[in-house]
Amino acid sequence: MAATRLPRMPRRAGALIGAVLVGALFLVMAVSLVWTPYDPLAIDLDATLAAPSAAHWLGTDEFGRDVLSRAMAGARVSALIAAGTVAGAIGLGAAIGLVAGFVRGWTDRLLMSVNDAVLAFPGVLLAIALMAAFGGGAGGLMLALGLAYLPAVIRVVRGAVLSVRESAYVEASRVMGNSELYSMVRHVLPNMVGPIAVLASSLFGWVILAESALSFLGLGVAPPAPTWGNMLASARPFFSQDPWLGIAPGLLIAATLLGVNLLGDALRDALDPKSGG
Amino acid sequence: MGGRSMRGRFRRLAAGLLALGVAAGAAGAPARAASVLRGRLNADILSTDPGTKRDENTDAVLLHVVEGLVAFREDASVGPMLAQSWDVSRDGLTYTFHLRRGVRFHNGAPMTAAEVVWSLDRYLDPKTHWRCLSEFDGHGQTRIVKVQALDPATVAIQLDKPSILFLKTLARADCGETAILSPASVSAKGAWIRPIGTGPFMFTTWRPNEYVELTRYRGYAALPGPRDGNAGGKHALVDKVRFLVIPDGSAAEGALLSGAIDVLDGVSPSNLADLRASRGVRLDAHSTMDIYALIFQTRDPVMRDARLRRALALAIDDIGLTRVVTQKTAQANSALVPTSSAFHVGVQAQVVRPDLAKARALVAASGYRGQPITLITNRRYPQMFDSAVLIQAMAKTIGVDIRIQALDWAAELDRYNHGAYQAMTFAYSARLDPSQNYGAVIGAKTSQPNKVWDDPFAKALLKASTATADVAQRQALFDQLHQRMLAQAPLVVLYNPSHVAAVRDGVVGFRTWSTVQQRLWDVSVR
Amino acid sequence: MVGYLSKKLLLTLPTLLLVSAVVFVLIRLVPGDPAQVMLGDAADPSQLARLRHDLGLDQPIPVQFALWLGHALHGDLGRSISNGQPVLALVFQRFQVSAGIVLAAIVIATAVAVVAGLVAAWRQGGAVDLAIVSGATLLLSVPSFWLGLLLLLLFGVKLGWLPFVGYVPVTQNLWQGLAYLVLPVATLAITEAGVLTRMMRSSALDVMGLEYVTHARAKGLPESRVLLRHVLPNAFGPTWTLVGLVLGHLLGGIAVIETVFTLPGLGRLMVDSILARDYPVVQGCLLFTALVYVLVNLVVDLCYPIFDPRITAR
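If you're matching them up, the sequences are chains A, B and C in order.
Quick note, the numbering used here runs 180 ahead of the 1-based positions in the first sequence.
So in the numbering used here, spot 101 of the second sequence is number 82, and the numbers just go up one at a time.
Quick note, the numbering used here runs 43 ahead of the 1-based positions in the third sequence.
Here chain A stands alone, though its shape is the one from the complex (with noise of 0.2 Å):
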């Protein structure tokens, strides 16, 4: 795998840019919690789909509300949902994993044969099917999200217990007579930090971009909170005569995704065992 990667200067370069992103946003987010140029909810009928000004540097949306302070709001829900979500998935998904990678047996095949007919099912779908079953709301979505990504965790976690598993210092803990759980929580799960913060990170670009498609169709977060997606569903109606509506959200949504990825990216290089440094 070493032969795969970049040369050391621009792969640097990506962790770099992928850090300054990620950090921008959380920026804005910590910037969002005391401060936005107006507040993200008030309306403003006498001012709708004004044009980028100095007023309003990034215009103002079909009720008049100020673009700018809703996106840099809209970065504080999506990153939360997309946090909330990834913790969610990655805390259930690794418990069940761990318990099926390490149990194994007809405990292990019923819940992989589970797994597996979730996975036969598009996530994306599910979580349509769910967010209508149970409406908007940031819990809700979350549940959905959470429950969608669940099995791919599931799969992944018991991949990697079941590697750790026959290496020679958890066979050693076994044969020093330490108990089962013991070696589990001694030797496995310090191993598998490594692999699920890899996942955590793609999961998190996965959550966000999904968040905002399922916005997108109206099976999102319901307001007040002004989400990335929320912003591009009602920005699509007006978007042949007032594109900038669409634009900021759109901008921020890749600009996270492009920072969490080579982030990942770099965080994978630097886990590899075979990569030596």
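These are computed hints drawn from the structure, not numbers from a lab.
Where hints are given, some of them may not hold.
[What the hints assert, rightly or not] Within a straight-line C-alpha distance of at most 20 Å, the following computed SDA-like cross-link-like pairs (lysine to any residue) qualify:
hint, chain 1, residue 1, chain 2, residue 2
1, C, LYS201, B, SER239
2, C, LYS201, B, ARG257
3, C, LYS201, A, ALA231
4, B, LYS34, C, LEU82
5, B, LYS432, C, LEU91
6, B, LYS34, C, LEU91
Could you slot chains B and C onto chain A? The hints should help.
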């Protein structure tokens, strides 16, 4: 009697001259291919038998072909169609219709009292499965006891109890306008063949799931005057009308832009801006009798305080809201009486203006302590959703904390029917008469949880409004109801949404109106 | 081979059954029912009850499921509640729209990815490689529907080359129909080319490090011949697997693209029918999509030996 027949003769003369003029205009044009006007249906028609197996598409197509004794006018009142006039007995039980003379069915046979009696008797036969039978067999408002031909041009209908909605129900599009048909429309055994009516177009071709084609009826006897709803002077200005079945909305828009259809009736709000920007197409909007409103659950611990509800009503800039969410296609209306109704005058026509100072004072007086209020809305009707967003922002300016919950429409409807909400942006579908608009909201919540306004006095006013046909008296009752509704604010009426059509340049005379039913008569195409 | 195939197919049956049962129960547990949606706010309880009875919704859910399953096994998926059209025909008609776009996009994306991936691997570490990898990573990060909106803005609104609202079936008017498909296909092809290019480059690099490639080069074969005859066939396997995954992913996520371009495809049919509680259509759509998904993966599996001579069908 003599006077009436004189007047009738003049009318017929005028109609004849007009028809001649139209025919002459068409004949005077240079010889050319038959002119075809192409419209769109979002689903195939269900049958060709008016008022039986039907939906909105079926009604719209068949009302080009058939006509009833009376028909809806533009202002939702009832006007003459095949009956040129009628008398109502003092007790309200006998309606005597005086038929127009010189009207011929598409097979050339004259329309007389015999066909009227035959048609009505057929509708009243349960085997016909007439949609509106339950209105006239005693289950609904009244019962038709007898239909009788007094002479070849006069028909009397006997009811068992008076009903102010009798004529309006006859005229309803979903009742097939209670169309008068030629008995040749059915076989000797009574099986349906095809509609042989008196309308400006004849039913000629039906290719299931492809199109329905109608052909101009040259022998049509038009009423004098301009087109007026389904009544008034109707003229076929093209040789053929073809309704293409295009289920998908965007496919229909593509068909309009590429020239495959001339008229697209029913444009989805989300594509308004795109179509407005398209070349070669113009939009035509008309307000419908649907009602968009903010409704409250008056039994809710927070919303039960009328001062809080009135405060919210006064915080809403209805004119601005309507302009923005309908993209300038509709006008604000604070009354349950729709803008296109003849009763929409005086106090009814005054839109409530925002008064933030008064609203804040009411909030303070109500003892509202910042409890969050959940406002349910949906994404199926973008305008309802947008209204909720604006209401939320407007409520915030008077310190009321509204949280929006977007359900899908099916779930919202379920909540509505169970009364399980604090506040909701909701749409009431069109009703025939202001009494029915009020009837949809007034009622006892214990027995009818879907009712919004539980007020015995309002119920009494409503009852009084259905007991009289006197226009001035009814207007006074509706005005009283309106004032009472504003004071108690169980709901805040926002506006009547518009029905929007897109037509290609070159189409002349197409107009939408207060119903969703499209009309391709009095429309020509260059 | 036939045994393997039938075993694989048999194994998918429980999955499909489970999926249908879950969907069947789930959508019925959600508040709101089709009778209410059809009759609207003016419905009275007796009308509702009659319509529910006519639609068979007043029976217990297990009975409804058994009836539906019985019909489904005979190839009858019922009729749409909202417009009476047969579900199978409806689903199939909409699927043609979605499948056409997805297939065209995936063919184009694969072709682009193979070339770009090979070139990048061949010029590994150079400026071309850097450009291709950066480009692919960038594409990976652009939401497809946003890219679609941008393309729509550029080619539909600003340049006016392509229509920006509506849809005309290809069967009705070939050229007009194709004009409506250009942008959706381009959008999907561009976004999916990113991930495929990265995969192709990585597996080509793996293969290039192998002995026989070095050997071929040592024999003095021209570079183009080494790439086409030795690297490409051996490096395509993993990319092909990914094509299968992407295809399934696209079929699931097509609703978004169909919304951007207002196309009457399967994705929108499903979203609309879920929202209208049109139970038979929802079930038909999901069952059909799951079936296609399974079949696509099976075909990908079966084709794998063709692209990777080292593996033969199990």
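Hinted pair, alpha-carbon criterion (20 Å max): LYS201/C, SER239/B. Please report holds or violated. holds, 19 Å
Straight-line alpha-carbon gap LYS34/B to LEU82/C, limit 20 Å: Between LYS34/B and LEU82/C the Cα gap is close to 16 Å, so the pair holds against 20 Å.
Hinted pair LYS201/C and ARG257/B, Cα distance within 20 Å: holds, 15 Å
Distance restraint between LYS201/C and ALA231/A, which requires alpha-carbon spacing of 20 Å or less: holds, 17 Å
Is the hinted pair LYS34/B and LEU91/C satisfied, with a Cα-Cα distance of at most 20 Å? holds, 18 Å
Check the hint pairing LYS432/B with LEU91/C against an upper bound of 20 Å on the C-alpha distance. Judged against 20 Å, a Cα distance of about 17 Å means the pair holds.
Hint compliance for this structure: every hint is met.
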